[in-house]
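Undergrad: Sequence:
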Amino acid sequence: MRAVEIVRPGGPEQLTVREVPDPSPGPGEVLVDVTAAGVNRADLLQRQGHYPPPPGAPAWPGLEASGTVAALGDGVEGWTVGDRVAALVAGGAYAERLVVPSGQLLRVPDALDLVDAAGLPEAVCTAWSNLTGPGRLAPGERVLVHGGSGGIGSVAIQLVAAYGAWAATTAGGPERTARCLELGADLAVDHRSDDFVAAVRDATDGHGADVVLDVIGAGYLARNVEVLADEGRLVMIGMQQGRRAELDLGAVMTRRLTVTGTTLRSRTREAKAAIVADVATRAWPWLDDGRLRPVIGARLPLDEAAHAHELVESGNVFGKVLLLP
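Counted from 1, the sequence shown has number 22 at position 22 by full-length UniProt numbering; the numbering is strictly sequential.
Since the hints were made in silico from the structure, they are not lab data. As the structure is a prediction and not an experimental result, all values here were calculated from the model. Please note that a few of the clues may not be correct.
[Stated by the list, open to error] Label-pair restraints from in silico Cβ distances:
1) G184 with Q240: 22 to 30 Å
2) V7 with G164: 20 to 28 Å
3) D113 with E313: 22 to 30 Å
4) D22 with A198: 51 to 59 Å
5) A251 with D202: 14 to 22 Å
6) G261 with R107: 43 to 51 Å
7) G250 with R107: 46 to 54 Å
Every residue gets a Cβ at the ideal spot worked out from N, C-alpha and C, and that includes glycine.
Please model the complete structure; the sequences and the hints are all you need to start from.
TA: Next comes the structure, spelled out in structure tokens:
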């Protein structure tokens with residue numbers, strides 16, 4: 001089969017399509033013929049040599065895919081050959097075929113385009129598990145999602161709105177903020193020209209955000225603490241603007257704040273299966289009534305993986321970039 005390999009750590013030019021051995025499913029695994037794969041910032045880090053795949057994962061990038069079930073390993077129940085699926089994986093989605101633990105599959109509704117479904121698994125599982133897990137989000141609370149025009153942010157806005165919470169977001173420029181409002185955000189702040197702390201405080205009558213879901217990292221730490229309501233929760237899931245910053249422990253203690261961070265890729269199969277099961281039960285059904293939908297910025301052939309990485313790196317794409325084998 002064809003897969004995108006990283007020749008050596010470096011820029012997008014280090015991605016190349018090569019023939020690699022076909023995978024075969026082991027016990028509890030499913031072989032998927034890939035229709036499309038989502039491109040994530042974690043893939044860019046892997047390409048640069050900063051985020052190696054966990055043991056046992058393929059060497060080529062890709063954390064999510066959509067496709068059809070091609071074969072079942074021993075002991076797999078609940079799936080049949082030909083099923084339309086979306087998959088959350090630890091690596092290897094940039095390929096024509098992919099082996100997936102059966103517990104990390106989601107059924108794609110008939111009404112949803114199978115290509116576009118590839119833009120959902122990583123974003124939905126990341127956003128949902130962090131909002132409802134360490135974020136402890138409750139209906140009616142106020143949430144600030146940073147990077148609302150990104151692959152995770154554009155999905156997180158929809159999840160917050162569907163869950164019955166108030167959603168604010170940041171994005172770059174009036175066109176992007178307008179599109180975030182269309183996705184269900186109650187407030188969209190242009191981070192290039194406006195102060196999101198003041199905007200959220202004003203919009204909530206001084207209350208602030210009960211939960212902040214942050215992909216920015218060090219660059220926003222101080223302002224994230226400032227925008228939190230008393231007993232607020234800051235959940236960091238990215239480090240686009242650095243990994244080191246100073247934290248005001250006095251504010252954390254006196255206002256009873258929670259500051260935490262998570263990653264998804266390195267978790268065990270059992271932990272991922274639990275997240276996928278929760279998503280399937282509580283969030284995935286929103287695809288049927290239109291409260292959740294994939295937001296796709298570009299669809300490119302597998303041979304243009306380098307260009308796909310350039311698009312994601314530029315930050316100019318609204319939503320997900322997909323690769324089609």
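Undergrad: If a hint holds in the structure, say so; if it doesn't, say that too.
TA: Hints, verified against the model:
no. : hint                       : in the structure
1   : G184 with Q240: 22 to 30 Å : holds, 23 Å
2   : V7 with G164: 20 to 28 Å   : violated, 48 Å
3   : D113 with E313: 22 to 30 Å : holds, 26 Å
4   : D22 with A198: 51 to 59 Å  : holds, 56 Å
5   : A251 with D202: 14 to 22 Å : holds, 20 Å
6   : G261 with R107: 43 to 51 Å : violated, 31 Å
7   : G250 with R107: 46 to 54 Å : holds, 48 Å
Of the numbered hints listed earlier, those contradicted by the structure are 2 and 6.
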